[in-house]
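Throughout the sequence shown, residue numbering follows full-length UniProt numbering, covering 1 to 332 in sequence.
Worth flagging that the hints you see were computed from the coordinates, not collected in a lab.
Certain hints may be false.
As the list claims (entries may be wrong) - Derived Cβ-Cβ restraints for the label pairs, each shown as a range:
| hint | residue 1 | residue 2 | range |
| --- | --- | --- | --- |
| 1 | GLU24 | ASN259 | 46 to 56 angstroms |
| 2 | ALA180 | ASN274 | 39 to 49 angstroms |
| 3 | ASN204 | GLU8 | 45 to 55 angstroms |
By construction, the Cβ of each residue, glycine as well, lies at the ideal position given by its N, Cα and C atoms.
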Amino acid sequence: MQAIEIHETGEPSVLQLVERQRPEITTPTEMLVKLAAAGVNPVDTKIRRNGAMLAAGFPAILGCDGAGVIEAVGAAVTRFQPGDAVWFCHGGLGGAAGNYAEYRVIDQALAQPKPPALTMSEAGAAPLVLITAWEALHDRARIAAGQQVLIHGGAGGVGHVAIQLAVAAGARVCTTVSSAEKAALAQALGAERCINYREENVENAVLEWTNGRGVDIAFDTIGPAVFQQTIPLVAHYGDLVTILDPSAALNLKEARMRNLRLSLTLMLTPQLRNLPTALAHQGDILNRCAALVERGALRIVVSETFPLAQAADAHRQIELGHVTGKLALVLN
Numbered sequence: 001m002q003a004i005e006i007h008e009t010g011e012p013s014v015l016q017l018v019e020r021q022r023p024e025i026t027t028p029t030e031m032l033v034k035l036a037a038a039g040v041n042p043v044d045t046k047i048r049r050n051g052a053m054l055a056a057g058f059p060a061i062l063g064c065d066g067a068g069v070i071e072a073v074g075a076a077v078t079r080f081q082p083g084d085a086v087w088f089c090h091g092g093l094g095g096a097a098g099n100y101a102e103y104r105v106i107d108q109a110l111a112q113p114k115p116p117a118l119t120m121s122e123a124g125a126a127p128l129v130l131i132t133a134w135e136a137l138h139d140r141a142r143i144a145a146g147q148q149v150l151i152h153g154g155a156g157g158v159g160h161v162a163i164q165l166a167v168a169a170g171a172r173v174c175t176t177v178s179s180a181e182k183a184a185l186a187q188a189l190g191a192e193r194c195i196n197y198r199e200e201n202v203e204n205a206v207l208e209w210t211n212g213r214g215v216d217i218a219f220d221t222i223g224p225a226v227f228q229q230t231i232p233l234v235a236h237y238g239d240l241v242t243i244l245d246p247s248a249a250l251n252l253k254e255a256r257m258r259n260l261r262l263s264l265t266l267m268l269t270p271q272l273r274n275l276p277t278a279l280a281h282q283g284d285i286l287n288r289c290a291a292l293v294e295r296g297a298l299r300i301v302v303s304e305t306f307p308l309a310q311a312a313d314a315h316r317q318i319e320l321g322h323v324t325g326k327l328a329l330v331l332n
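Based on the provided sequences and hints, a complete structural model is requested.
And the structure:
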């Protein structure tokens, strides 16, 4: 099979197209999946630059997200059969088991039925961002109907699905964007107020939208500076969640005065720490999201697809910044 393999850290050029033996089922609960698409995420570029996150290290096949059709199943597989379409978020953190490849062996417990309403490219690009946004809004911030929610980067991979998950929960959404085109997308996805941070003062806009009270929930998908700047935009006793390291240099005096609940979310933790119960919960999240997709309450925006051989171009695109929605590799 063809795969994209990495042997050392570096620029996108270290991603090499190679021929490798097709993986084989080795336990009774495993399945062989012929991949149709794999998501490309910022974490992939960080591993490429900084090194593997698992001890298996390099050489490695990157790619956490995948979608495809089952070709063969182990003797104890009961949930699926050959011909079923599945999606999942697993692998790609070190060693051979990533999804930048034509085939992948995965345990049945880690895959879920692909929503029929999604194309393979959409399904392959979606799991990591869906789980991330769900864990941030539902598991960490405990979102409720009627709340006002600020989502930074509303046209990005995580941001564009976070808007929809918040709206589906009955919340009102305000988001930050960098252009009129991205504002139009965010509004189409359900955002009530779109703030172009290049043209408007974000603090003034948020406080005006909330009549000076601040939002009930703020979700940072950008980084430490934005996390710090968001603290005074959250209502007293509100929630501020980030998917990134907020930095040890944070000044939390105002957060303390506001009695904010500060939360961190890293959806890769169940893989990195081998937490089966948490992995099962993430599977449940995908199924809940699939139900939203099927009723038309959630869509995945894939702004560009690349052939497997052009994985390096996809990495370059991500590292330029400001990608709308998601990028995906497509495999024939």
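Verification of the hints:
1. GLU24 - ASN259: 46 to 56 angstroms: 55 angstroms Cβ-Cβ, so the 46 to 56 angstroms window holds.
2. ALA180 - ASN274: 39 to 49 angstroms: Because 45 angstroms falls inside the window, the suggested range holds.
3. ASN204 - GLU8: 45 to 55 angstroms: For GLU8 against ASN204, whose Cβ atoms are near 47 angstroms apart, the range 45 to 55 angstroms holds.
Against the hints set out earlier in the document, no violation occurs for any number.
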